[in-house]
Amino acid sequence: LNLLISIMGRTMGALGNLTFVLCIIIFIFAVMGMQLFGKNYVDNVDRFPDHDLPRWNFTDFMHSFMIVFRVLCGEWIESMWDCMLVGDVSCIPFFLATVVIGNLVVLNLFLALLLSNFGSSSLSAPTADNDTNKIA
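Residue numbers (my numbering): 1 to 136.
Fair warning: there could be bad hints in the mix.
[Said to hold, decoys possible] Once the Cα atoms are required to be at most 20 Å apart in a straight line, the calculated DMTMM-like pairs of lysine to aspartate or glutamate come out as:
id : residue 1 : residue 2
1  : Lys39     : Asp50
2  : Lys39     : Asp88
3  : Lys39     : Glu78
[Claimed, not checked] Now the in silico label distances, taken between C-beta atoms and shown as ranges:
id : residue 1 : residue 2 : range
4  : Ile5      : Arg47     : 50 to 56 Å
5  : Leu111    : Cys23     : 16 to 22 Å
6  : Asn17     : Met66     : 21 to 27 Å
7  : Thr11     : Val100    : 22 to 28 Å
Honestly, the hints are just simulated from the structure, not real lab data.
The structure displayed is predicted, hence computed values, not measured ones.
Heads up, the beta-carbon is just placed ideally off N, CA and C, and yes, glycines get one too.
Input sequences plus hints: build the corresponding full structure.
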């Protein structure tokens, strides 16, 4: 149990790198979506039933960032339909690329982080010198 806790502690230190790379990926896709589709939402707002912008849109960076985060969480179909309503079918490759690349980055970084901390050197048995249960 002590070995497992120490491995998990070393893994938490490397989570900063994972979070940084993931934020860069989200930032890139958010800026791309804002540049590609942001003007379409403003110009074609009358296509929505209430003639009002939906909550999930690409008009500014905050909403774009939230859409990309939502896509990475798996809730991307509704946002893609809204994008196709104001734009065209060019939303499909963008959303598919966001899903595929984002999930591959998350999976790859998570597995690399996990496997690097479960290397053979970290799982070796303690030597006799480090045995804390010795009796005098």
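Hint-by-hint comparison with the structure:
{"no.": "1", "hint": "Lys39 - Asp50", "verdict": "holds (19 Å)"}
{"no.": "2", "hint": "Lys39 - Asp88", "verdict": "holds (13 Å)"}
{"no.": "3", "hint": "Lys39 - Glu78", "verdict": "holds (19 Å)"}
{"no.": "4", "hint": "Ile5 - Arg47: 50 to 56 Å", "verdict": "holds (55 Å)"}
{"no.": "5", "hint": "Leu111 - Cys23: 16 to 22 Å", "verdict": "holds (19 Å)"}
{"no.": "6", "hint": "Asn17 - Met66: 21 to 27 Å", "verdict": "holds (23 Å)"}
{"no.": "7", "hint": "Thr11 - Val100: 22 to 28 Å", "verdict": "holds (26 Å)"}
The structure shown violates none of the earlier numbered hints.
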